[in-house]
Structures are given as C-alpha cells and as structure tokens.
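From just these sequences and the hints, can you work out the full model?
As given, the protein sequences belong to chains A and B, one line each in that order.
Heads up, the first sequence is in our numbering, so the first residue is 10 and it goes up one at a time.
Heads up, the second sequence is in our numbering, so the first residue is 10 and it goes up one at a time.
Rather than coming from a laboratory, the hints here were simulated on the basis of the structure.
Some clues are possibly wrong.
Each pair may be met inside one copy or between any two copies, as identical chains are not told apart.
[What the hints assert, rightly or not] Below, computed lysine to any residue pairings styled on SDA-like, alpha-carbon distance capped at 20 Å:
| no. | residue 1 | residue 2 |
| --- | --- | --- |
| 1 | Lys127 | Ser149 |
| 2 | Lys96 | Arg72 |
| 3 | Lys344 | Phe323 |
| 4 | Lys96 | Gln63 |
| 5 | Lys347 | Glu375 |
| 6 | Lys96 | Ala67 |
| 7 | Lys131 | Glu152 |
2 protein chains.
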Amino acid sequence: MLLVQKFGGTSMGSLERIANVADKIIKAREAGHQVAVVVSAMSGETDRLIALAQAIQAEPDPREYSMLVSTGEQVSMSLLAMMLHSKGVPARSYTGNQAGIHTNSVYKKARILNLDCKRIQKDLAEGRVPIIAGFQGVDSCGEVTTLGRGGSDTSAVAVAAAIQADECQIFTDVEGVYTTDPRVVSTARLLEKVTFEEMLELASLGAKVLQIRSVEFAGKHNIPVRVLSSFVEGNGTLITFEENVGLEQPKVSGIAFNRSEAKITVRGIPDSPGVAARILGPISRAQIEVDMIIQNVPVAGIIDFTFTVHRDDFAKTVEIVEEIARELGASEILKDKKIAKLSLVGVGMRSHAGIASTMFTALGTEGINIQLISTSEIKISVVVDEKYLELGVRTLHSVFHLDQQEVREEWDPHPL
Amino acid sequence: MLLVQKFGGTSMGSLERIANVADKIIKAREAGHQVAVVVSAMSGETDRLIALAQAIQAEPDPREYSMLVSTGEQVSMSLLAMMLHSKGVPARSYTGNQAGIHTNSVYKKARILNLDCKRIQKDLAEGRVPIIAGFQGVDSCGEVTTLGRGGSDTSAVAVAAAIQADECQIFTDVEGVYTTDPRVVSTARLLEKVTFEEMLELASLGAKVLQIRSVEFAGKHNIPVRVLSSFVEGNGTLITFEENVGLEQPKVSGIAFNRSEAKITVRGIPDSPGVAARILGPISRAQIEVDMIIQNVPVAGIIDFTFTVHRDDFAKTVEIVEEIARELGASEILKDKKIAKLSLVGVGMRSHAGIASTMFTALGTEGINIQLISTSEIKISVVVDEKYLELGVRTLHSVFHLDQQEVREEWDPHPL
Numbered sequence: 010m011l012l013v014q015k016f017g018g019t020s021m022g023s024l025e026r027i028a029n030v031a032d033k034i035i036k037a038r039e040a041g042h043q044v045a046v047v048v049s050a051m052s053g054e055t056d057r058l059i060a061l062a063q064a065i066q067a068e069p070d071p072r073e074y075s076m077l078v079s080t081g082e083q084v085s086m087s088l089l090a091m092m093l094h095s096k097g098v099p100a101r102s103y104t105g106n107q108a109g110i111h112t113n114s115v116y117k118k119a120r121i122l123n124l125d126c127k128r129i130q131k132d133l134a135e136g137r138v139p140i141i142a143g144f145q146g147v148d149s150c151g152e153v154t155t156l157g158r159g160g161s162d163t164s165a166v167a168v169a170a171a172i173q174a175d176e177c178q179i180f181t182d183v184e185g186v187y188t189t190d191p192r193v194v195s196t197a198r199l200l201e202k203v204t205f206e207e208m209l210e211l212a213s214l215g216a217k218v219l220q221i222r223s224v225e226f227a228g229k230h231n232i233p234v235r236v237l238s239s240f241v242e243g244n245g246t247l248i249t250f251e252e253n254v255g256l257e258q259p260k261v262s263g264i265a266f267n268r269s270e271a272k273i274t275v276r277g278i279p280d281s282p283g284v285a286a287r288i289l290g291p292i293s294r295a296q297i298e299v300d301m302i303i304q305n306v307p308v309a310g311i312i313d314f315t316f317t318v319h320r321d322d323f324a325k326t327v328e329i330v331e332e333i334a335r336e337l338g339a340s341e342i343l344k345d346k347k348i349a350k351l352s353l354v355g356v357g358m359r360s361h362a363g364i365a366s367t368m369f370t371a372l373g374t375e376g377i378n379i380q381l382i383s384t385s386e387i388k389i390s391v392v393v394d395e396k397y398l399e400l401g402v403r404t405l406h407s408v409f410h411l412d413q414q415e416v417r418e419e420w421d422p423h424p425l
Numbered sequence: 010m011l012l013v014q015k016f017g018g019t020s021m022g023s024l025e026r027i028a029n030v031a032d033k034i035i036k037a038r039e040a041g042h043q044v045a046v047v048v049s050a051m052s053g054e055t056d057r058l059i060a061l062a063q064a065i066q067a068e069p070d071p072r073e074y075s076m077l078v079s080t081g082e083q084v085s086m087s088l089l090a091m092m093l094h095s096k097g098v099p100a101r102s103y104t105g106n107q108a109g110i111h112t113n114s115v116y117k118k119a120r121i122l123n124l125d126c127k128r129i130q131k132d133l134a135e136g137r138v139p140i141i142a143g144f145q146g147v148d149s150c151g152e153v154t155t156l157g158r159g160g161s162d163t164s165a166v167a168v169a170a171a172i173q174a175d176e177c178q179i180f181t182d183v184e185g186v187y188t189t190d191p192r193v194v195s196t197a198r199l200l201e202k203v204t205f206e207e208m209l210e211l212a213s214l215g216a217k218v219l220q221i222r223s224v225e226f227a228g229k230h231n232i233p234v235r236v237l238s239s240f241v242e243g244n245g246t247l248i249t250f251e252e253n254v255g256l257e258q259p260k261v262s263g264i265a266f267n268r269s270e271a272k273i274t275v276r277g278i279p280d281s282p283g284v285a286a287r288i289l290g291p292i293s294r295a296q297i298e299v300d301m302i303i304q305n306v307p308v309a310g311i312i313d314f315t316f317t318v319h320r321d322d323f324a325k326t327v328e329i330v331e332e333i334a335r336e337l338g339a340s341e342i343l344k345d346k347k348i349a350k351l352s353l354v355g356v357g358m359r360s361h362a363g364i365a366s367t368m369f370t371a372l373g374t375e376g377i378n379i380q381l382i383s384t385s386e387i388k389i390s391v392v393v394d395e396k397y398l399e400l401g402v403r404t405l406h407s408v409f410h411l412d413q414q415e416v417r418e419e420w421d422p423h424p425l
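See below:
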C-alpha cells in the first residue's frame with residue numbers, strides 16, 4: 010500500500026522519539042508499504058517560537074509570524090531524515106514550499122489550494138522516504154504561510170489526496186477513537202472503524218483526536234484516515250467515508266457526552282409568529298452559539314422555549330434573554346448550569362427507530378430524568394442533571410453492548 | 010547613502026540585543042540612509058542545531074544539515090522584522106531562497122553565483138527594510154544551501170554588490186581594525202581606514218575581524234566595507250580597495266604579530282640545485298604549511314636553509330626533516346619553538362625604502378636580535394626570540410608613531 014504517515018509534536022518530541030518514529034516508518038516499509046511522511050515541530054518548539062514573537066509584539070505581523078514558526082517543522086523534518094539515514098534508509102525532507110504545497114495568503118490560517126507533488130512521487134518511485142513539513146505552505150508570491158494550529162493533519166491528508174495514497178495514518182498520543190471516554194467507562198472499547206460522521210460526533214465530545222478540518226478534507230477526497238498511537242502498538246481506528254453500510258453495521262458506535270453547556274427556558278410566552286427568532290436573533294448577534302433548541306406545541310396559546318449555550322456564555326445570554334422576555338411578556342426564565350448532555354452516535358441509527366426508546370427506557374430505569382431531547386440523522390442527544398452523567402454513560406454503554414466486539418463484514422485491517 | 014548592515018550572532022544574541030540592532034537600523038534611516046540588513050542566527054542557535062544533528066550522525070547528510078541549520082537565520086530575521094515593526098518601521102524578512110541568493114550545490118560550503126534582488130530593491134524603493142538571512146542560499150534545484158561558517162559576511166557583501174550599495178557595514182563584537190593588539194600596546198589606535206591588503210595582513214595576526222573570503226569578494230566588486238561594533242558607538246574601520254594612495258598615506262598602518270610559529274634550520278648542506286625543493290617537497294606533501302623561507306648565498310659551497318611552520322606541525326616536520334637532512338649530508342638541525350614573528354604592515358611601504366632600516370635599528374637599540382627577515386610588497390616580517398614579542402611590538406608602534414592620529418586627505422567619515 011501507499012501510506013502517508015503523519016507524526017505530531019509529541020511523537021517528534023525528542024531525539025529518542027524521532028528514533029522511534031524512524032522505526033515505525035521502517036517497519037511499514039519492511040511490511041512492503043511505500044511511505045511518505047508529514048511531521049509537526051518537536052513539541053514545545055512552536056510554543057518557544059511564539060513566546061519569542063510575543064515578547065516583541067502581542068500581535069506580530071502574520072507574514073513574519075509564519076516565517077518564524079515554520080522553522081519548527083524544518084528542524085524536525087531534517088532531524089528525521091538524518092535519523093532514517095543513520096538507520097540505512099534513504100530519505101529527503103521538504104519545506105512546504107519545496108513540497109509544492111500551494112496555499113492562499115491568509116498567513117496564519119492558510120488553506121491549501123493545490124499540491125505539486127512531483128518531488129514526492131519521484132522519491133517514492135526511487136525508494137526514498139519523502140518527509141514533508143506539516144502546517145506550512147507557500148502562497149503565489151513565494152511567501153511562507155502556515156495553516157494554523159493542528160494544520161499538520163490537514164497537510165497529511167492533502168499529501169495523501171495528491172499522491173492518491175491508500176491510507177493516511179495520523180500517529181498521535183491516543184490509541185484511536187473509543188466507544189466513549191475510558192476514564193468514565195472502564196469497559197470503553199477502541200473502535201476498529203468509524204465513519205467520518207460518527208467520528209465528528211464522537212470527537213466533538215472532548216476527545217479531540219483529529220483536527221476536524223483535516224477530516225472534512227479527507228472526506229471530500231475520500232481518503233481513509235487511520236488514527237493510531239505513536240507509543241502503543243495497535244491498529245488504531247480507521248475513519249471511512251462509506252455511504253452504504255452493511256446489515257451487520259452496529260446500531261450505535263459510541264457515546265459522546267459533555268458538561269460544558271447550560272440550559273435556559275423562557276416560560277409562558279404568548280405564541281405568535283417569529284417568537285423563536287425574536288429570542289435567538291440578539292443571541293446570535295452577540296456571537297453566542299446555541300446548541301440544542303426545543304419548542305413544543307403551544308398549550309392554550311402559550312409556549313415554553315428552551316435552548317442550551319456554552320457555560321462560558323451563560324451570564325451574557327441570561328442578560329440578553331431577560332430583556333427580550335420582558336418584551337415578549339414571558340412569565341418566567343428558568344436557568345440551569347448543572348446539566349450534562351449525553352449523545353448516542355451511530356450511522357446505523359438511521360434505519361433503526363427502536364434505539365431512542367431503548368435509550369429512554371434504560372435511563373428511566375436508572376431514575377435519570379430526561380430534560381431535553383434532540384435528534385439528528387446519526388445522533389440522539391439528551392440533557393440530564395449533571396450528577397447523572399457517569400451513571401448515564403455507563404448505562405447506555407452497557408445497554409447497547411458497546412463493550413463487546415463489533416462485527417463488520419467489510420472489515421479489512423492493515424496490520425502494521 | 011544606500012547601506013547594507015550585517016549583524017552577527019552575538020549582535021542578535023537575545024531579544025534585548027535584537028532591539029539594539031533595530032535601534033541602529035533606525036538611527037541610520039533617520040540619518041537619511043536607505044538600509045538593507047543581513048543577519049546571522051542568534052548566537053548559540055547554530056551550535057544547538059548542529060549538536061542535535063551530530064547526536065544522530067557524526068557526518069549528517071549535507072542537504073539535510075543545510076536544511077536544519079538554515080532555520081537559525083530564519084528565526085533571527087523574522088524576530089528582527091517584528092522588532093522593527095514594534096518600533097514603527099516597515100520591514101520584511103527573506104530566506105536565501107526568497108532573496109534570490111543563488112548558489113552552487115556544495116551544500117555546506119556553497120558559493121554564491123548570482124543574486125536576483127528584485128524584492129530587496131522593491132522594499133528599498135518603498136521605504137521598507139529588507140532583512141535577508143545570511144549564510145544561506147538556494148541552488149538551481151530549489152535546495153537550501155549554506156555558505157559555511159562565517160558566510161553571513163559574504164552574504165552581506167554579495168547583497169551590497171547586487172544592489173550597488175555605497176557601503177557594506179559589518180557589525181561585530183570588535184570596534185574595528187587596530188594598529189596592533191590593544192592588549193599588548195595600550196596606545197594601539199583604531200584605524201579609520203585600511204586598504205584591503207593591509208586588512209588581510211592585519212587580520213591574519215589573530216584579530217580575525219572579517220571572514221577573508223567576504224573581503225576578497227568585496228574587493229572584486231569594489232564594495233567599501235566598514236567593520237564596526239554592535240555594542241560601542243563609533244565609526245569603526247573602513248576597508249577600501251584603492252590602488253592609488255595619496256602622498257599623505259602613512260608609511261605603516263599597523264603591526265601584526267604571532268607566536269604560533271616554530272623555526273627549523275638545516276645547517277651545512279652541500280649546495281646543489283634543487284636542495285630547497287628536496288626539503289620542502291615532503292613537507293608540503295604532508296599537508297604542512299610553510300610560512301617564512303630563508304636561504305642565503307652559499308659560503309664555500311655550503312648553505313643553511315631555514316623555514317617556519319605552525320607549532321602544531323613542529324614535531325611532524327622535524328621528523329620529516331631529519332630524514333632528508335641525513336640524505337643531503339647536512340651537518341646539523343636547529344630547532345626553535347620559542348620564536349615570535351613581528352610584521353610591519355602598510356601599503357605606503359611600497360615607496361618608502363627607509364622603513365626596513367628604521368625597523369631594524371629600533372629593534373637593535375632595544376637589544377632585540379633579529380633571527381629572520383622576510384618582506385613582501387606591503388609587509389616586513391622579522392622573527393625574534395619570543396620573550397621580546399611585547400617589547401618589540403611596543404617599540405615599533407612607538408617609532409612609527411602609530412599612536413598618533415593618521416592624516417588621510419580623502420577621509421570622509423559617514424557618522425552613524
């Protein structure tokens with residue numbers, strides 16, 4: 010197979026770790042794979058450079074900032090090339106410019122426009138390991154640009170797309186994507202495979218495995234992405250972009266949760282067209298993001314309107330809502346910061362209507378009152394009292410048998 | 010004037026020092042000059058990077074080595090650009106590649122082939138300070154090359170030549186070129202001006218002010234070079250390439266000396282053609298450099314042959330000479346490591362035959378016996394007993410009035 014392997018800052022954090030990275034690359038080559046590599050700066054290095062810049066200016070010029078921090082990857086990539094040489098493997102390192110990673114000119118948040126990967130392909134054809142600086146590119150004027158923090162994942166996926174790699178392997182400090190947080194549920198299981206959509210939902214829980222933009226990019230180019238650990242042996246989790254899911258697809262892939270939201274209910278509003286917009290408009294204009302929105306059918310011309318925001322925005326939101334509530338003639342405002350959101354995630358859910366009732370029954374049996382419900386194609390979320398978070402997650406993890414090995418017919422592991 | 014200012018690693022060694030560099034640039038601009046800047050890496054940084062490489066391989070691949078160490082200048086130049094911005098001065102930093110410094114492909118000792126300085130000139134025309142990474146360039150394949158240690162001086166001169174600068178100012182940790190070492194002669198005086206040839210002779214004493222290749226380069230392109238201190242205010246020393254020296258030219262510019270040589274005399278060799286070659290041939294083949302060579306007219310068909318080598322090569326040289334001396338039928342070999350070489354340096358010497366006798370008389374008056382004499386167009390060197398070094402230098406410094414201000418009609422200081 011043709012693989013792109015991406016190693017993050019922690020994986021490249023010292024000469025010992027770079028030696029470990031070299032060994033992983035060599036192992037993949039010995040297994041018969043062709044390997045192109047994308048690296049981040051050694052951990053701490055980017056922060057060191059940023060600290061230097063900010064000791065001069067709080068807001069350094071983006072062009073010079075990119076010039077400065079892009080040296081981090083240039084150091085780590087050349088050290089990795091030397092490390093491979095020292096182990097007898099031919100390798101060459103490339104800056105974003107040399108690798109032909111063309112971006113727009115938004116220096117600190119540049120977007121990749123296209124890749125001219127002739128040199129990478131020549132190296133691969135001639136048995137060398139091309140090592141490409143992640144996180145950086147070059148604009149049409151020849152200026153160094155950076156993709157923004159975490160952009161190395163995007164670089165890796167872009168290289169994989171350009172050279173039509175069979176798989177883009179993101180080595181990181183987690184072993185992959187789990188059915189839920191192992192710190193909450195000890196039987197949480199590493200998923201062998203998740204779909205892109207599932208990954209987005211599961212990653213948003215806090216287990217930020219991959220930079221989301223890079224995964225979107227991978228989906229657009231249909232590049233299978235595998236997340237795996239630099240430090241623990243294993244196959245990690247493969248992220249796929251399959252539309253057609255077989256019958257054996259499990260209904261639920263994992264359980265996401267967070268306790269970062271707060272709930273606000275405006276009660277007793279006389280129903281009239283545009284009420285929701287009257288409430289949400291000023292909140293949105295204040296740059297506050299609203300997550301769940303619940304409005305039931307009116308009772309006797311009166312409605313209750315509930316929504317959740319991030320806890321950091323709670324005080325500001327309450328302030329805005331109190332004014333609107335007066336104008337709307339609402340009877341009261343209920344405020345609650347002690348909530349938790351639990352979400353069942355799974356593409357299999359689309360065709361399995363019974364899942365919601367299983368979920369609600371299981372929570373009810375444990376005495377957990379459901380305050381809000383919201384659903385999407387591949388997700389059912391409920392809001393419960395924060396104190397039930399761990400119990401709720403464990404209950405759902407068990408009732409949907411997430412601790413048991415999944416069975417997927419099309420599963421085809423690529424052992425490394 | 011259009012100036013190129015070059016700041017070395019010590020001058021760029023910390024954020025405080027970079028701030029000081031920015032102030033010097035601003036001062037020159039406020040005096041009405043246009044300034045382009047060439048920088049080295051922050052002191053210690055290049056060594057840090059080399060240590061990382063050598064922890065992996067004793068002889069790292071030159072391409073990757075250049076890739077690695079070239080980041081040093083990229084960091085310092087972007088920090089200087091930010092520092093200038095913070096002081097309200099527009100500036101842009103450029104890698105060797107971006108500045109269009111094209112070199113051959115001898116990675117660690119690359120030679121500059123040509124400069125495409127469009128961007129530098131555009132910056133100057135638009136009132137910005139272009140800041141160029143010293144010590145690095147790009148070859149015809151787009152690979153990063155480095156010029157070798159000290160190459161930043163050469164970069165500065167090359168930029169000065171390309172943009173036809175009026176002066177290339179090398180800021181360093183010495184104040185300029187002195188009449189002799191101030192540690193030996195307290196009245197040693199900073200020279201306002203020396204010729205290129207004088208500078209080569211005076212620099213070779215140990216006061217290695219500039220990288221010699223850069224000065225040769227400046228001479229070839231007729232770029233006046235000024236050496237001055239980053240830390241002490243002053244006009245430094247201007248190095249010129251004048252062929253025609255006015256009448257007011259002082260006879261002697263300075264006094265060079267060293268105690269790093271050793272003397273070997275082969276006595277009582279029967280004179281025959283090719284004797285000198287028989288002695289020097291094997292020494293040269295052993296990669297030993299011979300400095301002074303003295304052979305007088307034969308007396309009764311017998312000659313004495315004397316030469317000096319670096320003390321580090323003394324033992325090896327003696328070994329070689331002893332064998333040849335036997336073959337030549339020489340009577341004895343005299344060996345002396347306790348010698349010192351004193352040299353009067355000055356372009357004015359060419360037309361002043363009396364200088365040698367003044368020199369010899371002054372030394373004789375002080376009881377200093379002259380062991381060897383050697384002369385060149387702009388230099389008279391003598392070898393004396395090492396114990397007379399300080400006395401000899403002080404005597405000559407005084408007798409040629411080097412502690413008194415020189416008078417040069419064409420002197421036109423450019424105060425900064």
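Hint check:
1. Lys127 <-> Ser149: Intra 18 Å, inter 16 Å, cutoff 20 Å: intra and inter.
2. Lys96 <-> Arg72: between (37 Å within a copy, 17 Å between copies)
3. Lys344 <-> Phe323: within (9 Å within a copy, 91 Å between copies)
4. Lys96 <-> Gln63: between (39 Å within a copy, 14 Å between copies)
5. Lys347 <-> Glu375: Only inside one copy: Lys347 and Glu375 sit 19 Å apart there, 97 Å across copies, limit 20 Å.
6. Lys96 <-> Ala67: Cα proximity of Lys96 and Ala67: across copies only (13 Å, versus 43 Å in one copy).
7. Lys131 <-> Glu152: between (25 Å within a copy, 15 Å between copies)
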